[in-house]
Amino acid sequence: DSGVTQTPKHLITATGQRVTLRCSPRSGDLSVYWYQQSLDQGLQFLIQYYNGEERAKGNILERFSAQQFPDLHSELNLSSLELGDSALYFCASSRPGLANTGELFFGEGSRLTVL
Amino acid sequence: DAKTTQPNSMESNEEEPVHLPCNHSTISGTDYIHWYRQLPSQGPEYVIHGLTSNVNNRMASLAIAEDRKSSTLILHRATLRDAAVYYCILRDGSNTGKLIFGQGTTLQVKP
Numbered sequence: 001d002s003g004v005t006q007t008p009k010h011l012i013t014a015t016g017q018r019v020t021l022r023c024s025p026r027s028g029d030l031s032v033y034w035y036q037q038s039l040d041q042g043l044q045f046l047i048q049y050y051n052g053e054e055r056a057k058g059n060i061l062e063r064f065s066a067q068q069f070p071d072l073h074s075e076l077n078l079s080s081l082e083l084g085d086s087a088l089y090f091c092a093s094s095r096p097g098l099a100n101t102g103e104l105f106f107g108e109g110s111r112l113t114v115l
Numbered sequence: 001d002a003k004t005t006q007p008n009s010m011e012s013n014e015e016e017p018v019h020l021p022c023n024h025s026t027i028s029g030t031d032y033i034h035w036y037r038q039l040p041s042q043g044p045e046y047v048i049h050g051l052t053s054n055v056n057n058r059m060a061s062l063a064i065a066e067d068r069k070s071s072t073l074i075l076h077r078a079t080l081r082d083a084a085v086y087y088c089i090l091r092d093g094s095n096t097g098k099l100i101f102g103q104g105t106t107l108q109v110k111p
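The listed protein sequences derive, respectively, from chains A and B.
If you're matching positions, the first sequence starts at 1 in our numbering and goes up one per residue.
If you're matching positions, the second sequence starts at 1 in our numbering and goes up one per residue.
Hints listed in this document are in silico derivations from the structure and should not be mistaken for laboratory results.
Glycine included, every Cβ here is placed at the ideal spot set by N, Cα and C.
Treat the hints with care, since some could be wrong.
[As the list claims (entries may be wrong)] Far from chain A, by Cβ distances over 12 Å, these chain B residues were calculated:
{"id": "1", "residue": "Ser9"}
{"id": "2", "residue": "Glu11"}
{"id": "3", "residue": "Glu16"}
{"id": "4", "residue": "Pro21"}
{"id": "5", "residue": "Ser41"}
{"id": "6", "residue": "Glu45"}
{"id": "7", "residue": "Asn54"}
{"id": "8", "residue": "Ile64"}
{"id": "9", "residue": "Asp67"}
{"id": "10", "residue": "Ser70"}
{"id": "11", "residue": "Ile74"}
{"id": "12", "residue": "Ala78"}
{"id": "13", "residue": "Thr79"}
{"id": "14", "residue": "Arg91"}
{"id": "15", "residue": "Lys98"}
{"id": "16", "residue": "Pro111"}
[Unchecked claim] Mimicking BS3-like on lysine-lysine, the simulated pairs with C-alpha atoms at most 30 Å apart in a straight line are:
{"id": "17", "chain 1": "A", "residue 1": "Lys57", "chain 2": "A", "residue 2": "Lys9"}
{"id": "18", "chain 1": "B", "residue 1": "Lys3", "chain 2": "B", "residue 2": "Lys69"}
{"id": "19", "chain 1": "A", "residue 1": "Lys57", "chain 2": "B", "residue 2": "Lys3"}
{"id": "20", "chain 1": "B", "residue 1": "Lys110", "chain 2": "A", "residue 2": "Lys57"}
Please take these sequences and the hints and turn them into a complete structure.
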């Protein structure tokens with residue numbers, strides 16, 4: 001158990017819909033990272049937050065948005081869903097002070113299926 | 001972001017050591033070498049990381065070449081549970097610290 005909690009574990013929805021994935025980082029971790037893993041793209045970095053502020057942006061589509069709240073949990077919002085958005089979405093967190101060099105702790109992921 | 005090159009797949013026998021190579025010829029002075037692994041149906045799991053010197057922990061050892069252009073992850077005695085995709089990643093210690101995953105090496109462990 002990494003200490004990172006992601007909900008829901010599984011989600012099935014239809015094209016055009018909007019979903020929200022939630023991540024609770026390990027206690028005391030200030031950085032949150034979101035990754036997307038699909039069969040043909042591997043693990044893709046989407047976005048990083050540090051203590052509520054956006055820190056880095058990767059291959060995140062404009063239809064996707066994220067935020068980190070004052071209690072440090074994070075949400076990834078996916079809208080106008082397409083079949084290609086079906087994937088595993090992972091959240092990770094890292095310790096304060098080691099945000100750039102220490103290890104990332106990954107959750108078990110949220111599996112999104114768009115039909 | 002500096003890139004890494006790993007073999008697509010490797011095989012090992014149970015109870016034998018495994019050496020997983022990684023080339024990173026464009027590594028910069030502030031890049032840390034990180035290794036993660038992903039077991040089937042799980043999130044990636046940290047294995048080990050280092051900057052210049054060799055590192056050991058309870059899971060593995062990391063051998064870093066003197067010029068830092070390559071590294072090797074060493075699993076001292078492979079078990080069936082070590083079958084996973086192993087990712088070698090360069091993490092910029094002076095920047096945001098985000099991890100950029102490549103394709104990794106799929107390790108098969110035979111009983």
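Verification of the hints:
For Ser9 of chain B, the condition that its CB be more than 12 Å from all CB atoms of chain A holds, with the nearest at approximately 15 Å. For Glu11 of chain B, the shortest C-beta to C-beta distance to chain A comes to about 21 Å, beyond the 12 Å cut-off, and the non-interface label holds. For Glu16 of chain B, the requirement that its beta carbon stay farther than 12 Å from each beta carbon of chain A is met, with the minimum near 27 Å. In this structure Pro21 of chain B is separated from chain A by more than 12 Å, as the shortest Cβ-Cβ distance comes to about 19 Å.
With a cut of 12 Å on Cβ distances, Ser41 of chain B falls inside the contact zone with chain A, its closest approach being about 9 Å. Distance check for Glu45 of chain B against chain A: the nearest CB is about 7 Å away, which does not clear 12 Å, and the non-interface claim fails. Distance check for Asn54 of chain B against chain A: the nearest CB is about 17 Å away, which clears 12 Å, and the non-interface claim stands. With a least CB separation of 15 Å from chain A, Ile64 of chain B remains clear of the 12 Å interface cut-off, as annotated.
A cut-off of 12 Å between C-beta atoms confirms that Asp67 of chain B is not in contact with chain A; the least separation is 21 Å. Once the 12 Å rule is applied to beta carbons, Ser70 of chain B is consistent with being away from chain A; the minimum gap is 20 Å. Listed as a non-interface residue, Ile74 of chain B keeps its Cβ farther than 12 Å from every Cβ of chain A; the least gap is roughly 18 Å. Its beta-carbon lying about 22 Å from the closest one in chain A, Ala78 of chain B satisfies the requirement of being farther than 12 Å from that chain.
Its beta-carbon lying about 20 Å from the closest one in chain A, Thr79 of chain B satisfies the requirement of being farther than 12 Å from that chain. The Cβ of Arg91 of chain B does not lie farther than 12 Å from every Cβ of chain A; its closest approach is about 7 Å, which violates its non-interface assignment. The non-interface label for Lys98 of chain B is inconsistent with chain A: the shortest C-beta to C-beta separation is roughly 5 Å, within 12 Å. Under the 12 Å C-beta cut-off, the non-interface status given to Pro111 of chain B relative to chain A holds; the minimum distance is some 27 Å.
A distance of roughly 24 Å separates the Cα atoms of Lys57 of chain A and Lys9 of chain A; the hinted pair therefore holds under the 30 Å criterion. At most 30 Å may separate the alpha-carbon atoms for a hinted pair to count; Lys3 of chain B and Lys69 of chain B meet this at roughly 11 Å. With a C-alpha separation of about 18 Å, the suggested pairing of Lys57 of chain A with Lys3 of chain B holds against the 30 Å cut-off. For the hint linking Lys110 of chain B to Lys57 of chain A, the alpha-carbon distance of about 40 Å lies beyond 30 Å, and the restraint is violated.
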